[in-house]
Structures are given as structure tokens and as C-alpha cells.
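Residue numbers (my numbering), protein chains in the order written: chain A, 3 to 314; chain B, -9 to 285.
Honestly, the hints are just simulated from the structure, not real lab data. Possibly wrong hints are sitting among the right ones.
[Said to hold, decoys possible] Cross-link-like lysine-lysine pairs, in silico, DSSO-like; alpha carbons within 27 Å at most:
no.: 1; chain 1: A; residue 1: Lys120; chain 2: B; residue 2: Lys9
no.: 2; chain 1: B; residue 1: Lys9; chain 2: A; residue 2: Lys121
no.: 3; chain 1: B; residue 1: Lys170; chain 2: A; residue 2: Lys23
[Said to hold, decoys possible] Some but not every residue of chain B turned toward chain A, in silico, with C-beta under 10 Å:
no.: 4; residue: Met34
no.: 5; residue: Leu252
no.: 6; residue: Asn268
We put the beta carbon where it would ideally sit given N, CA and C, even for glycine.
What follows is each chain in one-letter form.
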Amino acid sequence: MKEASIGVRPAVAGSTRRRVKWMEPLTGYLLTLPAIVYILLLVGYPFLLSLYFSINRVFIGGEYRGFAGINNYTSLLDNPVFQKAFWNTLGFTFGSEIAKAVLGIGLAFLLLQPLFGKKIVRAFLMLPFTLPFALSLLGWQWMFDPEFSVINYLFGHQLHILHQPYPDWLGDPFWSWLAILVVNIWRGFPFAGVIILAGLTSIPRELLDAARVDGAGFFRTWHYVITPIIAPVLFIGLIYDVTFTLGDLTAVYRLTQGGPGYSTETLPMQAWQVGIIGGNLGLGSAITLFLFPLLFIGVIIFLRMLYRREAI
Amino acid sequence: MSAVAAAAVRRPRRPGRRKITNRALLYLALVFYLAIAIFPLYWMFMAAFKEDVDLIDPGVSPFWFKRPLSLAHFDVLFRQTDFLRWYSNTYLIAAAVLVITLVVCIPGAYALARLHMPGGEHFAIGLFLTYLVPPTLLFLPLSQIVSGGLAMGNNKWALVLVYPTFTVPFCLWLMMGFFKRVPVEIEEAALVDGCNRFQAVLRVVLPVSVPGILTTAIFAFTLAMQDFVYALTFTSSSSQQPLNVGIPDSLIRGDIYFWGELMAAALLAGLPVAILYNFFLDYFVEGITGGALKN
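Could you put together the complete structure from these sequences and hints?
So this is what it looks like as C-alpha cells:
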């Protein structure tokens, strides 16, 4: 140590460099440790616990009635409510994604235009997404009220598109299904819009000009120039939105609780009813874990897109 | 001669006319989108400020006021419900989550952005992916952990503990992007000037990153106010609940809906969140589309 100040320079330089070489990664890992510990304890551990619950007969309050193996899973496959919930979850997600994409494309092109007071206009357009869903759903619940539904008033009484008897939005199997779909679309389309917009603005201006010079019309430009460039961004946004729509409990819980009957039942709703209300944690966990393969596929695609994007 | 002149005149005019129709179509589309986006809110405003009689009177146009504006619903909300308690709960929880998130994320994000760690990039992406694990997948086991092992059943602090599971992954990711944008040169300059690494970070890198850190903080704050599932699972009494569950739990009693109060509460609770969220929406989009990966 003392030699350092006297000046055996090369040796010291060498040793500090060696020290720095392992110091830096070590510091890095230490600094990242809190985040990793947090995630491991409160995401990793619960996830493993959920796997454990799903292969055991576990009930709320720590009651344990033995190993179940795959019984929780197999009993679900024969369960008509589960089947309904499974297909509804897919149906709501698939249906709303298509509508969000269509509305989102329109919104993105709208936001590309020069508009008066654009920032404020955009803030208003984003409200469905920026408001807490649990609160805006209260507004929708009021709009779907069986007696005072403004939707029926507007489309029935005033525009004569709906006819008497007006739909009982949350009390009829068909209309309640539509209602859940509508609120999902409403909540998600602004997000689709800004994601598509982010993709569109990342396209170099010269490419669009070149396409125009070459005589490509709107649809050709869209198909051959725009789509390939914005596809990765679109996919990432889509996966993100899909995972959230698949796992969303809020809309169904607030509006229908899965009813009438089980017509709007979804996997999160059934997991809630079985796991929290019924206290059957094993079966409830098995229900939520059916979401996992669906999410997993999404995550794989997400990862590939991220890495590919980075490569570009 | 005149034909040529007419052609010459017509040519510039045609795009002009097209421009006007384009403009008209554009604003038509804008009105369509605005109507979809805002109508539910407009409807909530109406219910919040109308008298109860006005709400159910069939002779009144539901779209405007017949009797003067009334603050009766707000009055009920503030005097006869725990609204202020839910409000303070929500903001207290969000603030605590913000602090935890920053404490965990600032060192982690700096390390992942700046220090040479083998596999650091994969690490970062792995952490980010946990953001894609929805609460639905975890609320059952977490309810056991919270009410069993931690003995925090019906306790708002359980939410403070749990919310960072979704704020940390995303904020870490966002902040990484901000740190990457700080020029390495200024850090090196500080090192040359005699700072050690820690001092360089503290005195140079962090002050420069304040806008980024603030953005991340607001993000964590608003995200914590958006949750519904965990709040529903972990809190049951009015004194512990945040707004998202306190409002409906208290103002929907069996089959009776206090519509006016519900709408007033939802607006007062929701609009500040929406306004805050709107400020960092661009960062949010950038975070999701992987902008943080690029330098």
C-alpha cells in the first residue's frame, strides 16, 4: 500500500485494474439486489405457491386436505362453468383486440394530423385509458342501468336504432356480453392509438416520400412500407394489452359478476369466486394458472420482438 | 385560349377543395372519437351535479340541466361517507409505494445502465417481464401470504408492500433508459476531478437525472392508484380502503345505488389520476415499445 504513494507504478496500475474488473460487476449485482429480492419474494414465491396450491387441496385459513395431483386441473376441464369462463376470456380478449386495432389505427392517423390544441385534444382522447378503470366503470354501470340507461335513451328513444323492449344491458346474456366487450374496447383503444402512433412516427420520412414518388397509393404504402416497419412495435403493444385484458377482473367484477347465470364469466372472475368467496385456494389457483400458457406464448413473442428490435 | 386558362386556374383550385373536404372529414373523425372517449365522463358529470329528482324525471332531457346545478351529492360524500379517508389512504399508499420504488430502482437502474455486468441486459429484460405477470395470477397466493404469514389482513400497508411488484419492474426499465441518456463524459469528468464513483453519481449523475427520476416517480404514484384487484382482496373495512374499492363498497348498498354520490366520487378520485397519467404517457409508451433499450 505504501509503495503506491512512492511510485511502483506499473504494478499498482495492474492491481487496481484487476480489482476494478471484479469490483464493478459485484457493485452492479449488489445495487440490483434489492430489486431482485423484491421480485423473487413477492412475484416468484407467490407464483410457486400458486403452483403448489393447484396440486393440493388447500383452503383459506390454511386448511389442508391432502395432495390432489392433477385432480384440480382435470375437474376443471369437465366443469361447464370453467369452459364458459375459458372461452369467454378468449372471446373478450380476441374481440376487443380487433376492435381496438381498428379504432386505434384511425386514432393514430388522426393524431398525426395538425390539429388545433392538439395536446389538450389528446389528453381528452386518452381519458378512457388514463382514468382508473375501477372508477370509470362506475360511470358505465350507470349508463347500463336497466331503467335509466342513457344508451337506450339515445339509441332507442332519440335515434330509433334500438327498439322496445330496450335491452337490459347487464341482465341479459347477450347484451351483458356485449357490454363487457364494449367497456374493454373503450378502455383500450386510446392505448392502441398511441402505440400505433409511436410506430408511425418512427418511420423515416424519406421512405414515405420514396413510396409516393414511386406511385404507391395509400394501401400499397400501408402494406409494403408501413406495416413491416411498425410490426414489432405493434406486436409489443398488442402483447402488453392482451396480457392485461386476459387477466382483467375489474370489468366483469364491477358490471356483472359473471352473470346473468355464467354468461359473462371469465377466468379471473371464476378464480375470485372459487378462491376468495368459496375459499378453495387449490382450485382457484388452478383456474388462474390456465392463464399462464396463454401469457407465456405472449411473453415469448414479446421477448423475440424486443431482441430483434435491439438488433436493428 | 380560355380553355387553357381555365385548366390553369382549375389545377390549383382542385387540391384546395380537396383540402377542405379532407379537413372536414378530419374534424368529423375527431368529433366521433371525442364523443366516444368523453361521453361516459360527461354522463358522470351530469349525474354528479344534478338533483336526484332530475336524474329520474322522465320529462327532463337527460343531457342537460333543468333545475340548477346542485352540490348535494358532494355534500353527502364529504359529510356522510369516509371519502376523505379513502382519499388519504390512496395518496398515502401511493406515496409510500413511490418511496419504495425509488429506493429500489435508482441503484438498480444505474447499475444496469452503466456498470459492466455480465448478463446485465438479460437481467433487465427478465425483471421487466415480471411486469407482464398480471395481479390475477398472484392474488390468491398473495392473499395467503398477506393474511397468514405477514398477519396483514385488512391492512392498507399490505398494499404498500405488494404494489411495488408492478411498479418496480417498469420503473427500473424506464429509469435505465434515462440513465443511459446521461453522457458518460460528465461522469468521467467528475472522476478526473477527484470524485470517486459514488460521489460522481451523487453529485453529477443524479442531479442531471432529476427529470427522469421525477417522471418515474409520478408513474409509480399513478400506477399505485390504478389497482383494483389487490385492493379488493386485501382490504375490507372502510378505514383501510383506497378510493377504487371504498367508493363502490360504501355507495352501493345491496340493490341501492347512490348514483349521484358514486359519480361525484369517481370524478373527484379519477380526474387527478388521469391528469397525472397524461403527463408521462409518452414515457410510458416509450418504455413499452422498448425505447429504453436503445441508447
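Comparing the hints with the structure gives:
1. Under the criterion of a C-alpha separation no larger than 27 Å, the hint pairing lysine 120 of chain A with lysine 9 of chain B is consistent with the structure, at around 19 Å.
2. Of the pairs offered as hints, the one joining lysine 9 of chain B and lysine 121 of chain A holds, with about 23 Å between alpha carbons and a cut-off of 27 Å not exceeded.
3. Distance hint between lysine 170 of chain B and lysine 23 of chain A is fulfilled; the C-alpha atoms sit about 21 Å from each other, no more than 27 Å.
4. Among the interface hints, the one on methionine 34 of chain B holds; its C-beta lies about 4 Å from the nearest C-beta in chain A, closer than the 10 Å criterion.
5. Against a cut-off of 10 Å between C-beta atoms, the interface hint on leucine 252 of chain B holds, since the closest Cβ of chain A lies about 5 Å away.
6. The beta carbon of asparagine 268 of chain B comes within 5 Å of a beta carbon in chain A, closer than 10 Å, and the hint placing it at the interface holds.
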